[in-house]
Structures are given as C-alpha cells and as structure tokens.
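This is what each chain is made of:
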Amino acid sequence: MTLNVAKGHCVIGVWSLVVSPMSRRLTNADLEAYLDEALSAEEMALIEQEVRARPELLKRLAAIHGRRDAGVHSVGEIWRRQRLSCPSREHLGSYLLGAIDENHMVYIEFHLKTIGCRYCNSNLGDLRRQQEETVEVIESRRTKYFQSTAGHLRRKS
Amino acid sequence: MPASSDADSLLIERIRRGDGEAWNDLITRYEGRLLAFVESRLGRRGPSEDIVQEAFLGFLNSLPNYDGKRPLESYLFSICAYKLTDHLRREGRRPAVPLSAGSDSTGDWQLQGSARPASSIVRSGERKELEEKAVMEALCDQIERWRERGEWTKLMCAELLFVRGWANKEVAEELEISEQQVANYKFDFIARLRTLVRDQELSQEVFPELYEEEANK
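One line per chain: the protein sequences are A and B, in this order.
The opening position of the first sequence corresponds to residue 1435 in the numbering used here, with each subsequent residue numbered one higher.
The opening position of the second sequence corresponds to residue 33 in the numbering used here, with each subsequent residue numbered one higher.
To be clear, the hints were calculated from the coordinates, so they are not data collected in a lab.
A few of these clues could be false.
Said to hold, decoys possible - The following residues of chain A were derived to be distant from chain B, with all beta-carbon distances above 12 Å:
1. L1491
2. A1496
3. S1528
4. G1532
5. E1570
Said to hold, decoys possible - Below 20 Å or equal to it, Euclidean Cα-Cα: the simulated EDC-like pairs (lysine to aspartate or glutamate) are:
6. A/K1547 / B/D57
7. B/K218 / B/E158
8. B/K101 / A/D1470
9. A/K1578 / B/E205
10. A/K1547 / B/D82
11. A/K1578 / B/D57
12. B/K101 / B/E183
13. B/K218 / B/E183
14. A/K1547 / B/E205
15. A/K1578 / B/E161
Every residue, glycine too, gets a C-beta built ideally from N, C-alpha and C.
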C-alpha cells in the first residue's frame, strides 16, 4: 500500500506504506514507534487511518507485540525508548535562539524533522509556548493540576 | 539520555515523603512538555489538559514502583502516552491491536534458519533488563564518540537505519552520501554491537537484526 500524502490518494501495491511525498515504506520501526505513541502526530494519524482501512496491518502490529512478549530486542526500540540521541532541553533552547554551533544545529534539525522525535518536538513546542502564553494562563493551569492531584500525594506514596 | 538526574532523584524522594512543594515543582517543571505532547495529537486544549492531569495522578499511583532507572521525563512521557492511547481508543480513533498475530503467539518475527526461537528460551525480566542495559550503554558510548568527533553524518546514518528502519538506499539519498558509505557505517556499527553481545555473553537469538544477513545466507 502506498499513501501519497501530498496528493491525498492511496494506491494499492505491496505491503509497504509510504507516509510522505518522499516515497518511503512503512517500516517495522515505524510500527513499533506507533505502538508506543512515539511518532509525530501527523504520522500517527496516517498510520491509524491505514490500520483502519487495512486490517492486515494489525497482524504486523500483533507480531511486534509477540516479539516483545518473547523478549526479543530491537536496537531501534532501545535507542528510541532510552532517548539515546535526544538533545538536552538546554540544547533545544539554544537551538530556538540560534545560539549553537552550525553542525549541532543541523543535527538537532534532523532529529526534530527527519526522525520526527515526538518527545523533543514536545519540549520545543513547550519552550516556544512559554514565550507566547501569559504567566496567568500558565499559573492557572499548574494550579489546577496541583489542586486536583495533591490530595493523592501522601495516600498514594 | 542516561538515568534520572540527581535533581530529579531528590525531587522524587521529597514527593515520596508527601512534600507538596516538591510535587508542585514537578508539575511546574514537566506539565508544559506533557501538554504539548498530548495536544499535538488531540488538537484540543481541554481534553489535552485532562489527560495530563490523569498522567500526573497515574504517576503518583505508580510512584512506589518507580525505581529511577528511567529518566523522570521519559517515565512521565510514557504514562502520558498510555493515557492518551486509552483516550484515543475510547474515542474510536485508535484501533485496538490484538495481543498476538494468531495461534502461534510468536507471530512472524522469528529468525530464519537454524536459530532457536527466542520464545523457547526461559528468560527472566532481570535478564531482559540486563540485555537492554548492556546494549544501551554500548550505544551511548558510540553516540557520545560520534558527537565528540563531530561525526554527525554517522550518527544520522545509524539513527535512520535503526530508529526509523530506512533502507540503505533511502539513507544514502537523504544524507547525500553513497550507498557504499552507508553500508560501511552499518557494517562497523553492527560489528561493534555483535562484539558487545559476544563479550557480555548475551544471547544472539534476542538480537535478531544484528544477525539478519547471516541468517539470510
């Protein structure tokens, strides 16, 4: 199956799924990341759409569950789960300000956009939003979280 | 990104003692990135905030079991992902995935050739953790070495090959290097990991992708 996002149409083909105009197949690494909710929101939505349209993809996802249950490791899963190459939040902040050496900048851009690291993109989104939201809005949200959870603090821990 | 920082460990200890100020600090430190994580997927602020709230509650519930081996941020993201997935399933957006691919619970991931299926090996949770830790440390060393030497292309190459699972040709096109270079980088990388597996006396059968080419011969 090929999904051309740019043109918005599907072409039935082999087992692979292409999720971008760059014509790439849907890899097992993509499916592993999908199960862990670790892909970019756009890619997650595309795969969801495909899984609904093609139930046979469920078999591949189930096979990943089986492999995990049996304790078989994947280097990519360990790398992603442990976030081995994720830039620190401080480096993401410097990236936003353009205050980082060029080669490192290129790598961070690659990690955010080509790898599409959801965790780093979330950190970056948060750093950007901090510049846009008022202190009142942020404080009100944090207070809500605190008040709705603090009662569980002693009891649960 | 290694284990939790000292600052996070201290924060957790204070929260375990019921320190409200420490709990507030944790919320202040992490809520923004968790909200961005959820909102990027849901696109709606209200339900996204609810999920983050559930994730914080989930964190308190799981605190007795949190051993600090995973960085706090990654642990919070994983709870958030779980809550988000649950929400999406309830909304009917995310299809439920069966737990196995059929009557054969191992599915179709097994090694080709004569290798014994890993499912037949009795392995404890501790053993699996030890395997993951050994590989993680080796990967960390390698990534750090690439960074120190400014070998960013090698890092990007390995990340595309293993984290995204791209084919050599696709990686070569993306990074504007030759397929032969990609193949060489991949060969060196896999050779190092195989050495680690051998030296640490880990089972080859649980790292099938490192031996795929041999199995396909």
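A quick look at each hint next to the structure:
Remark: the non-interface label on A/L1491 conflicts with the geometry, its nearest Cβ contact in chain B lying 9 Å away (cut-off 12 Å). A beta-carbon of chain B is positioned within 12 Å of the beta-carbon of A/A1496; the least distance is around 4 Å. Non-interface status of A/S1528 relative to chain B is upheld: no Cβ of that chain comes within 12 Å, the nearest being about 15 Å off. Every beta carbon of chain B lies more than 12 Å from that of A/G1532, the smallest distance being close to 18 Å; the non-interface claim holds.
Listed as outside the interface, A/E1570 is consistent with that label: its C-beta sits roughly 15 Å from the nearest C-beta of chain B, beyond the 12 Å cut-off. About 31 Å separates the Cα atoms of A/K1547 and B/D57, which puts this hinted pair outside 20 Å; it is violated. In summary, the hint linking B/K218 to B/E158 is not supported, as the alpha carbons are separated by about 29 Å, beyond the 20 Å threshold. At roughly 19 Å between alpha-carbon atoms, B/K101 and A/D1470 fall within 20 Å of each other, so this suggested pair holds.
Taking the CA atoms of A/K1578 and B/E205, the gap is about 48 Å. The hint is violated against a cut of 20 Å. Annotation: proposed proximity of A/K1547 to B/D82 is violated, straight-line Cα distance about 28 Å (limit 20 Å). Taking the CA atoms of A/K1578 and B/D57, the gap is about 14 Å. The hint holds against a cut of 20 Å. Restraint check: the Cα-Cα separation between B/K101 and B/E183 comes to about 29 Å, which exceeds 20 Å; the hinted pair is violated.
Taking the CA atoms of B/K218 and B/E183, the gap is near 14 Å; set against the 20 Å cutoff, the hint holds. For the suggested pair A/K1547 and B/E205, the alpha carbons sit about 16 Å apart, so the restraint of at most 20 Å is met. As the CA atoms of A/K1578 and B/E161 are separated by approximately 37 Å, the hinted pair breaks the 20 Å bound.
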